[in-house]
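Participant: What follows is each chain in one-letter form.
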Amino acid sequence: DTAVSQTPKYLVTQMGNDKSIKCEQNLGHDTMYWYKQDSKKFLKIMFSYNNKELIINETVPNRFSPKSPDKAHLNLHINSLELGDSAVYFCASSSGQGGSYTFGSGTRLTVV
Amino acid sequence: GQQVMQIPQYQHVQEGEDFTTYCNSSTTLSNIQWYKQRPGGHPVFLIQLVKSGEVKKQKRLTFQFGEAKKNSSLHITATQTTDVGTYFCAGKGTQGGSEKLVFGKGTKLTVNP
Numbered sequence: 001d002t003a004v005s006q007t008p009k010y011l012v013t014q015m016g017n018d019k020s021i022k023c024e025q026n027l028g029h030d031t032m033y034w035y036k037q038d039s040k041k042f043l044k045i046m047f048s049y050n051n052k053e054l055i056i057n058e059t060v061p062n063r064f065s066p067k068s069p070d071k072a073h074l075n076l077h078i079n080s081l082e083l084g085d086s087a088v089y090f091c092a093s094s095s096g097q098g099g100s101y102t103f104g105s106g107t108r109l110t111v112v
Numbered sequence: 113g114q115q116v117m118q119i120p121q122y123q124h125v126q127e128g129e130d131f132t133t134y135c136n137s138s139t140t141l142s143n144i145q146w147y148k149q150r151p152g153g154h155p156v157f158l159i160q161l162v163k164s165g166e167v168k169k170q171k172r173l174t175f176q177f178g179e180a181k182k183n184s185s186l187h188i189t190a191t192q193t194t195d196v197g198t199y200f201c202a203g204k205g206t207q208g209g210s211e212k213l214v215f216g217k218g219t220k221l222t223v224n225p
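If you read the sequences in order, they're chains A and B. Numbers 1 to 112, taken from the numbering used here, label the letters of the first sequence in order. Numbers 113 to 225, taken from the numbering used here, label the letters of the second sequence in order.
Take these hints with a grain of salt, some might be off.
Residues from chain B that face chain A, not an exhaustive set, calculated with beta carbons under 8 Å [what the hints assert, rightly or not]:
#, residue
1, His154
2, Pro155
3, Phe157
4, Gln160
5, Ser164
6, Phe200
7, Lys212
8, Phe215
9, Lys217
10, Gly218
11, Thr222
12, Val223
Read the hints as simulated data drawn from the structure, not as lab findings. Just so it is clear, CB atoms sit at the ideal spot from N, CA and C, and this is done for glycine as well.
With these hints in hand, go ahead and build the complete structure from the sequences.
Facilitator: Structure (structure tokens):
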């Protein structure tokens, strides 16, 4: 049983397209996150939701819009994709303050 | 804002040698966590340190949290090829507010058999 699952695992798309990445966790965690990992392996937080409420929104272009229909799901929609959006996007979840993070296996996005 | 610095960025060792990565925060941390990411994989939680001066061990891995709760280290004794990967520290600030971990840039460990 996968604890945090992301789909798709790979995504290759052209500039200007709109795409979505889905994430689901079955751990019963209250908080979910989106992280972006660039080619240098730097992990940078993008968004965080707690019980469907947005609590962290880092400096991310408006083209990125998260959506949490319930506390077990956090999706990421990206409009007008750009070359610089190419990266690995990780979804993660945690149980609360100070809790450890469980990461999904990542979505490798390549914009051509 | 809170920053977490990690050194070295890369470390190459011969199998059997020891390895250490260091983590420093610009602010006092409420806790620090360590993660390992294998090549092509995702970060996996290793351990969390909470108390000032805390030391924890996991087999050949030793984790320390500084007295001032602003720095931490991970030491691996007698590295093996299975230790290959990138090790990240991640610190949570003590000022409350939104829950988030700030990750260091990671130390990529390669082990020559």
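Participant: For each hint, tell me whether it holds in the structure or not.
Facilitator: Status of each hint after checking the structure:
For His154/B, the shortest C-beta to C-beta distance to chain A is roughly 4 Å, which falls under 8 Å, so the interface hint holds. The closest approach between the C-beta of Pro155/B and any C-beta of chain A is roughly 5 Å, which is under the 8 Å cut-off, so the hint is satisfied. The beta carbon of Phe157/B is positioned within 8 Å of a beta carbon in chain A (closest approach about 4 Å), and the interface hint is therefore held. With its C-beta approaching chain A no nearer than about 6 Å, Gln160/B sits inside the 8 Å limit, and its interface hint holds.
Given the 8 Å rule on beta carbons, the hint for Ser164/B is violated: about 15 Å separates it from the nearest Cβ of chain A. Annotation: Phe200/B was flagged as interfacial toward chain A, and the flag holds, the nearest CB pair being 7 Å apart, inside 8 Å. Restraint check, Lys212/B versus chain A: the minimum CB separation of about 5 Å is within 8 Å; hint holds. Here the hint on Phe215/B is kept, as its CB sits about 4 Å from the closest CB of chain A, short of 8 Å.
The interface hint given for Lys217/B holds, since its Cβ lies 5 Å from the closest Cβ of chain A, which is under the 8 Å cut-off. With a least beta-carbon distance of about 5 Å to chain A, the hint placing Gly218/B at the interface is held under the 8 Å criterion. Using the Cβ-Cβ criterion of 8 Å, the hint placing Thr222/B at the interface with chain A is not satisfied: the shortest such distance is roughly 13 Å. Checking Val223/B against chain A by beta carbon gives a least distance of about 17 Å; that is not within 8 Å, so the hint is violated.
Consistency with the previously given hints fails for numbers 5, 11 and 12, ordered from lowest to highest.
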